[in-house]
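**Q** Residues per chain are reported as follows:
Number of protein chains: 2
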Amino acid sequence: MLVKYYSDMLSKKSAIRNLFDFGRSRAEEIGKDNVFDFSIGNPSVPVPDSFNESLKKFADYKDGTLVHGYSPTLGIQSVKEAIAASLNRRFGEDYTADHIFMTTGAAGALAHALRAVCEAGSSVMVFAPFFPEYVPYITGAGCIPKIVPPRMEDFQIDFEKFSEMLDESVSAVMINSPNNPSGVMYSEDTIKKLCAILSDAEKKFSHPIYLISDEPYREILFGGIRYPYVSKLYDDTIVCYSFSKSLSIPGERIGYVAVDPRAKDAELLVPVMGQISRFTGHNCPPSIIQLAVAENLEVTSDMSVYERNAEILYEELTRLGFRCVRPDGTFYMFPEAPGGNSEELSERAKKHDLLLVPGTTFGCPGNFRISYCVETEKVIRSLDSFGKLAKEIF
Amino acid sequence: MLVKYYSDMLSKKSAIRNLFDFGRSRAEEIGKDNVFDFSIGNPSVPVPDSFNESLKKFADYKDGTLVHGYSPTLGIQSVKEAIAASLNRRFGEDYTADHIFMTTGAAGALAHALRAVCEAGSSVMVFAPFFPEYVPYITGAGCIPKIVPPRMEDFQIDFEKFSEMLDESVSAVMINSPNNPSGVMYSEDTIKKLCAILSDAEKKFSHPIYLISDEPYREILFGGIRYPYVSKLYDDTIVCYSFSKSLSIPGERIGYVAVDPRAKDAELLVPVMGQISRFTGHNCPPSIIQLAVAENLEVTSDMSVYERNAEILYEELTRLGFRCVRPDGTFYMFPEAPGGNSEELSERAKKHDLLLVPGTTFGCPGNFRISYCVETEKVIRSLDSFGKLAKEIF
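Going line by line, the protein sequences match chains E and V. Letter by letter, the first sequence follows residues 0 to 393 in numbering that gives the first Met the number 0. Letter by letter, the second sequence follows residues 0 to 393 in numbering that gives the first Met the number 0.
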């Protein structure tokens with residue numbers, strides 16, 4: 000018999016899925032170029048040549064069993080060593096290979112990190128706006144999500160609400176900065192204050208509270224700003240990373256967990272994640288992809304397109320009267336829906352062939368997400384549609 | 000705090016792991032060539048060139064976002080279509096792409112199939128000898144494994160015991176044929192009888208009992224024998240496949256689930272598995288690996304080495320006095336440990352630099368597994384050590 004819990008989910012068609020279907024049928028009518036699809040977070044800038052060269056080199060290896068053979072459950076040792084060395088060099092950390100667990104993208108990283116440190120029944124705190132898949136990752140680990148409401152004016156943390164909600168039941172706190180969907184990066188002040196509160200809470204409740212830092216957008220920052228390395232500021236930090244955005248390879252599902260060497264039980268966490276993978280059927284990521292990323296750890300795609308798109312859209316949207324927090328990075332921005340109903344705005348936008356995702360699933364129903372990982376030429380052509388939309392609503 | 004359930008597992012070091020450590024330290028002393036490691040099931044025959052050529056072709060694609068971009072959660076449509084067409088052509092099935100769910104190897108396939116059709120608390124039947132990871136897959140889905148004892152004389156099914164144990168609590172039955180660790184294939188009679196009993200039980204208990212058929216060794220059969228396509232003989236069949244063995248690419252973690260079109264809720268099962276993957280952090284397998292296997296669906300590595308190794312070992316071991324069911328395929332055989340204690344035999348064998356896995360974890364403590372995915376030359380050199388071992392014990 001089909002398991003009811005999962006089959007019931009099928010009837011709930013997601014907003015993004017609805018937009019996708021609309022976009023496809025409109026593309027058939029008016030051509031793909033005339034549909035302004037800002038709904039999908041699929042990197043659009045080219046994959047670095049060096050990544051493909053690495054893949055080809057390994058595909059050419061004479062002894063294929065070395066390349067295509069089983070990876071150890073925790074990841075290929077040389078790959079883990081290379082990642083630790085790169086993080087140490089860039090961020091002054093002191094990881095060894097034993098602190099790195101190779102995963103199939105950030106999804107695998109987050110799911111394993113949560114299962115490792117959050118006993119079933121404990122709470123996991125998340126700050127709105129947040130990536131909606133955090134909820135199944137948390138409930139899949141048997142835990143309860145506690146959503147801290149957003150600080151709308153700048154999408155930093157509302158510490159008053161956070162402190163109110165932080166109780167003994169909390170085993171982990173998840174952050175995602177630079178953020179999907181807001182594009183905002185937590186400032187150093189925000190991170191430091193967060194870490195101070197968590198340190199106090201650990202003492203007060205006499206148990207560790209792990210900070211799970213989801214950082215797939217770490218390399219996509221505008222105007223030369225840099226994101227502090229959270230793990231340096233709080234011992235019980237578990238960094239979850241994916242190469243999806245930095246190398247434009249989201250389909251290759253490759254990422255890792257990096258456990259801070261000073262974290263409680265640091266030396267056990269990675270082996271424990273290995274045990275967890277036996278239950279989820281996850282296993283380690285593909286060998287050839289592990290080997291290829293290890294040769295491209297400090298390479299990124301050319302991200303300047305995203306910055307240019309952000310500028311164009313931010314300038315025009317604010318000129319038109321939309322209120323929006325300026326993105327610090329990523330390829331998202333998260334303006335307010337005038338009137339506060341983003342579902343209605345998303346419907347209205349469809350009439351102008353603009354696909355915009357309502358903020359409801361991100362925990363902010365009054366905002367909408369624009370994913371501007373599209374060609375700049377298309378962004379410019381879309382401004383006319385944004386103008387028409389603005390005329391209707393202001 | 001580290002989750003106790005998983006961290007407790009770390010103290011239980013597996014028999015295979017112990018052998019691995021012993022093998023490594025002996026290799027340092029006497030050289031790798033002189034350690035006869037029959038413990039690991041890592042394919043040793045070359046990866047077909049055509050697979051590597053496909054990989055390189057896709058790595059060379061001009062628009063990398065087409066190759067390295069997100070795959071849909073259920074898998075790339077063209078890949079699923081190609082797999083359905085190949086299965087239909089080879090086995091007279093009538094799958095469509097909608098019946099195929101792409102997974103990271105057989106592990107991902109089994110974990111998702113179980114979660115889809117087995118409500119937490121139901122039982123899942125497994126026949127000894129069995130792949131030990133079935134237990135965490137089953138308990139990870141919240142279910143209870145029911146192990147049917149082996150029929151030692153031929154490793155077919157003990158139907159008397161099976162029928163006794165098959166009760167209303169059973170939601171699924173798992174089979175693995177050709178089998179790891181026995182190398183034995185279920186005969187057509189065995190499969191037909193199993194299906195008949197399951198059909199009767201479905202009527203008696205008024206709920207479906209899914210047959211989860213784990214078939215990674217389908218292509219490794221000796222003497223031209225062929226394994227019947229189980230799905231043709233029982234409607235509620237879910238086939239779990241991995242390309243690990245047929246293409247010698249276990250590290251690339253690529254496989255699929257194929258739901259029989261006549262199965263109960265056939266049209267919902269694949270979408271349900273998509274929902275399940277949101278909770279496990281599994282996601283779809285890497286795009287470039289999906290695309291490359293789709294071009295190599297009916298290609299296999301040269302498996303004749305395994306057949307040759309099987310013959311050499313079977314002839315010599317039975318000549319020496321070991322009792323062993325002749326393997327039909329795979330790269331395993333599963334002789335009896337004289338005296339019935341396979342742990343003791345494995346210890347004894349180490350003295351002759353033979354690494355043999357005790358059958359305890361496979362549910363048959365009186366047998367031991369030989370994995371002969373090694374060079375034939377090494378198999379021949381190992382016979383002397385088997386001879387010395389036999390002299391000691393007979």
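Worth double-checking, as some hints may not be accurate.
Pairs count within a copy or across copies, as identical chains cannot be separated in the list.
What the hints assert, rightly or not - Cut-off 16 angstroms, straight-line C-alpha distance, at most; resulting in silico cross-link-like pairs (EDC-like, lysine to aspartate or glutamate):
| id | residue 1 | residue 2 |
| --- | --- | --- |
| 1 | 192 | 315 |
| 2 | 31 | 374 |
| 3 | 3 | 264 |
| 4 | 3 | 266 |
| 5 | 61 | 48 |
| 6 | 192 | 48 |
| 7 | 11 | 157 |
| 8 | 350 | 376 |
| 9 | 3 | 118 |
Simulated from the structure, these hints should not be mistaken for laboratory data.
**Q** Checking each numbered hint in turn, tell me which of them this model violates, lowest number first.
**A** 1, 6, 7, 8
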